[in-house]
Amino acid sequence: MLASRVFGIVGRRSICTSLCLRAHGHAGVVKAEDYTLPAYVDRRDVPLPEVAFVRDLSAQQKALKEKEKASWSALSVDEKVELYRMKFNESYAEMNKGTNEWKTILGGVLFFLGLTGIIFIWQKHFMYGPIPHTFSEEWLSAQTKRMLDMRMNPVEGISAQWDFDKNEWKK
Amino acid sequence: MRRLLARRMKFHLLGAFLVSVGCATLYKFGIAEPRKRAYAEFYKSYDPMKDFEAMKAAGVLECAPPK
Chain A
0 MLASRVFGIV GRRSICTSLC LRAHGHAGVV KAEDYTLPAY VDRRDVPLPE VAFVRDLSAQ
60 QKALKEKEKA SWSALSVDEK VELYRMKFNE SYAEMNKGTN EWKTILGGVL FFLGLTGIIF
120 IWQKHFMYGP IPHTFSEEWL SAQTKRMLDM RMNPVEGISA QWDFDKNEWK K
Chain Y
0 MRRLLARRMK FHLLGAFLVS VGCATLYKFG IAEPRKRAYA EFYKSYDPMK DFEAMKAAGV
60 LECAPPK
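Top to bottom, those sequences are chains A and Y. Heads up: the first sequence begins at 0 in numbering that gives the first Met the number 0, then just goes up one per residue. Heads up: the second sequence begins at 0 in numbering that gives the first Met the number 0, then just goes up one per residue.
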C-alpha cells in the first residue's frame with residue numbers, strides 16, 4: 000500500500016505540464032491562455048462570432064454600451080456604427096472583397112520559372128557533356144527509314160505520313 | 000447568406016455535370032470518332048501480301064531476306 004501511494008505521487012509529478020507547474024505558485028488556478036478562449040473570426044459562414052471584436056472597452060465605449068441597454072431609437076447613426084464596429088471587425092462587403100494578391104502570386108511564379116530556365120541554360124552550356132551519337136542526322140534518317148520500311152504505325156502514326164508511291168512525306 | 004450552401008451546391012453540381020459531359024463529348028468527337036474512321040479507311044483498301052512483299056524487299060524481315 001505504501002509503494003502504490005509513492006508510485007501515485009511520482010506518476011502525478013511526471014505528467015505535470017509547464018502550465019501546471021506555474022499554477023503551483025498561483026494558488027492552483029491557471030490563467031486562461033489566449034488560444035484557449037473563444038475567438039473572434041471573420042467568416043462568411045459564421046455570421047455571429049463567439050465573442051465581440053473589441054475585447055477591452057474604453058470608458059467612452061462602456062458608456063455607449065450602457066446607452067445601448069435603453070431604447071435603440073435614442074441612438075444616433077454614428078453611435079450605431081460605433082456599436083457595430085465594436086462588435087464586428089469587417090462587414091460582409093469588406094470581408095468578401097477581393098484582393099490583388101493574384102498579381103503577386105503570378106509574378107512570383109513567373110519569376111521563379113524564369114530563374115529555373117536560366118539555371119537549365121547554364122547547365123546545358125557549362126556542365127553537361129555531349130549527347131549520344133544516336134541523335135546525329137545520319138543516324139536519325141537511317142532510323143526513320145527503318146521505321147518506314149517495317150511499316151511502323153501505319154494507320155495514324157509515322158508510316159501514315161509517308162507516301163510510299165511517291166517516296167516522300169505526305170502534304 | 001440565405002441558402003448559402005444550397006446556392007453554392009446547385010451552381011457547382013450543374014457546373015461539374017456540364018464540364019464532365021463536355022469533356023466526354025469533346026473526346027468522343029475529337030479523338031474517338033476520327034480514330035475509328037482512320038482505321039476503317041486504312042483497312043478498306045489494305046492488301047497484306049503487297050505490304051509483306053514491300054517489307055521483304057526493304058530487308059527488315061530476318062527470316063524472309065530480300066533475295
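Incorrect hints may appear among the rest.
[Unchecked claim] For each label pair, taking beta carbons as the anchor points, the in silico distance ranges come out as:
#: 1; chain 1: Y; residue 1: Phe28; chain 2: A; residue 2: Val154; range: 17 to 25 angstroms
#: 2; chain 1: Y; residue 1: Met0; chain 2: A; residue 2: Lys30; range: 46 to 54 angstroms
#: 3; chain 1: Y; residue 1: Met48; chain 2: A; residue 2: Ile157; range: 38 to 46 angstroms
#: 4; chain 1: Y; residue 1: Phe28; chain 2: A; residue 2: Met151; range: 22 to 30 angstroms
#: 5; chain 1: A; residue 1: Asp77; chain 2: Y; residue 2: Leu25; range: 29 to 37 angstroms
#: 6; chain 1: Y; residue 1: Phe41; chain 2: A; residue 2: Ile120; range: 42 to 50 angstroms
#: 7; chain 1: Y; residue 1: Met8; chain 2: A; residue 2: Ala31; range: 48 to 56 angstroms
#: 8; chain 1: Y; residue 1: Phe28; chain 2: A; residue 2: Met94; range: 43 to 51 angstroms
#: 9; chain 1: A; residue 1: Ala51; chain 2: Y; residue 2: Ala23; range: 18 to 26 angstroms
#: 10; chain 1: A; residue 1: Ile120; chain 2: Y; residue 2: Met8; range: 47 to 55 angstroms
#: 11; chain 1: Y; residue 1: Pro47; chain 2: A; residue 2: Asn166; range: 28 to 36 angstroms
#: 12; chain 1: A; residue 1: Gln122; chain 2: Y; residue 2: Asp46; range: 45 to 53 angstroms
#: 13; chain 1: A; residue 1: Gln122; chain 2: Y; residue 2: Met48; range: 50 to 58 angstroms
[To be verified] BS3-like mimics (lysine-lysine), calculated; alpha carbons at most 25 angstroms apart, straight line:
#: 14; chain 1: A; residue 1: Lys165; chain 2: Y; residue 2: Lys55
#: 15; chain 1: Y; residue 1: Lys49; chain 2: A; residue 2: Lys144
#: 16; chain 1: Y; residue 1: Lys66; chain 2: A; residue 2: Lys144
#: 17; chain 1: A; residue 1: Lys169; chain 2: Y; residue 2: Lys35
#: 18; chain 1: A; residue 1: Lys170; chain 2: Y; residue 2: Lys66
#: 19; chain 1: Y; residue 1: Lys49; chain 2: A; residue 2: Lys169
#: 20; chain 1: A; residue 1: Lys144; chain 2: A; residue 2: Lys165
#: 21; chain 1: Y; residue 1: Lys49; chain 2: A; residue 2: Lys170
[To be verified] Not everything, but these chain A residues come out facing chain Y in the computed CB check (under 10 angstroms):
#: 22; residue: Arg43
#: 23; residue: Val154
#: 24; residue: Ala159
If you are wondering where the hints come from, they were derived from the structure by calculation, not from laboratory data. Glycine included, C-beta positions come from ideal geometry on N, C-alpha and C.
How the hints compare with the structure:
Distance hint check: the CB atoms of Phe28 of chain Y and Val154 of chain A are about 19 angstroms apart, consistent with the given range 17 to 25 angstroms. Under the hint 46 to 54 angstroms, the C-beta atoms of Met0 of chain Y and Lys30 of chain A, about 37 angstroms apart, miss the expected range. At about 22 angstroms, the beta-carbon gap between Met48 of chain Y and Ile157 of chain A misses the expected band of 38 to 46 angstroms. Taken as a hint, the range 22 to 30 angstroms holds for the pair Phe28 of chain Y and Met151 of chain A, whose Cβ atoms sit roughly 28 angstroms apart.
In this structure, Asp77 of chain A and Leu25 of chain Y break the distance hint of 29 to 37 angstroms, their C-beta atoms being roughly 58 angstroms apart. Between Phe41 of chain Y and Ile120 of chain A the Cβ separation comes to about 43 angstroms, which falls inside the hinted range of 42 to 50 angstroms. The hinted range of 48 to 56 angstroms is not satisfied by Met8 of chain Y and Ala31 of chain A, whose Cβ atoms lie roughly 39 angstroms apart. A hinted range of 43 to 51 angstroms holds for the C-beta pair Phe28 of chain Y and Met94 of chain A, which are about 44 angstroms apart.
Evaluation of the 18 to 26 angstroms hint for Ala51 of chain A and Ala23 of chain Y yields a failure: the beta carbon distance comes to about 52 angstroms. The supplied range of 47 to 55 angstroms is met by Ile120 of chain A and Met8 of chain Y, whose beta-carbon atoms lie about 49 angstroms from each other. For the pair Pro47 of chain Y and Asn166 of chain A, the supplied restraint of 28 to 36 angstroms is violated, since their beta-carbon distance comes to about 21 angstroms. With their beta carbons about 52 angstroms apart, Gln122 of chain A and Asp46 of chain Y fall inside the hinted range of 45 to 53 angstroms.
Checking the proposed 50 to 58 angstroms range against Gln122 of chain A and Met48 of chain Y shows it holds: the Cβ atoms sit about 53 angstroms from each other. With a C-alpha separation of about 19 angstroms, the suggested pair Lys165 of chain A and Lys55 of chain Y falls inside the 25 angstroms cut-off, and the hint holds. Note on Lys49 of chain Y and Lys144 of chain A: the hinted pairing holds, with a Cα-Cα distance of about 19 angstroms set against a maximum of 25 angstroms. Proximity of Lys66 of chain Y to Lys144 of chain A is assessed by CA-CA distance (about 20 angstroms); at most 25 angstroms being required, the pair is judged to hold.
Proximity of Lys169 of chain A to Lys35 of chain Y is assessed by CA-CA distance (about 21 angstroms); at most 25 angstroms being required, the pair is judged to hold. With a C-alpha separation of about 34 angstroms, the suggested pairing of Lys170 of chain A with Lys66 of chain Y is violated against the 25 angstroms cut-off. Straight-line distance between C-alpha atoms of Lys49 of chain Y and Lys169 of chain A comes to about 20 angstroms, which keeps the hinted pair within the 25 angstroms bound. As the CA atoms of Lys144 of chain A and Lys165 of chain A are separated by approximately 15 angstroms, the hinted pair is consistent with the 25 angstroms bound.
This hinted pair checks out: Lys49 of chain Y and Lys170 of chain A have alpha carbons roughly 24 angstroms apart, not beyond 25 angstroms. Because the smallest distance between the Cβ of Arg43 of chain A and any Cβ of chain Y comes to about 7 angstroms, under 10 angstroms, the interface hint for this residue holds. Against a cut-off of 10 angstroms between C-beta atoms, the interface hint on Val154 of chain A holds, since the closest Cβ of chain Y lies about 5 angstroms away. The criterion of a C-beta within 10 angstroms of any C-beta in chain Y is met by Ala159 of chain A, whose closest approach is roughly 8 angstroms, and the hint holds.
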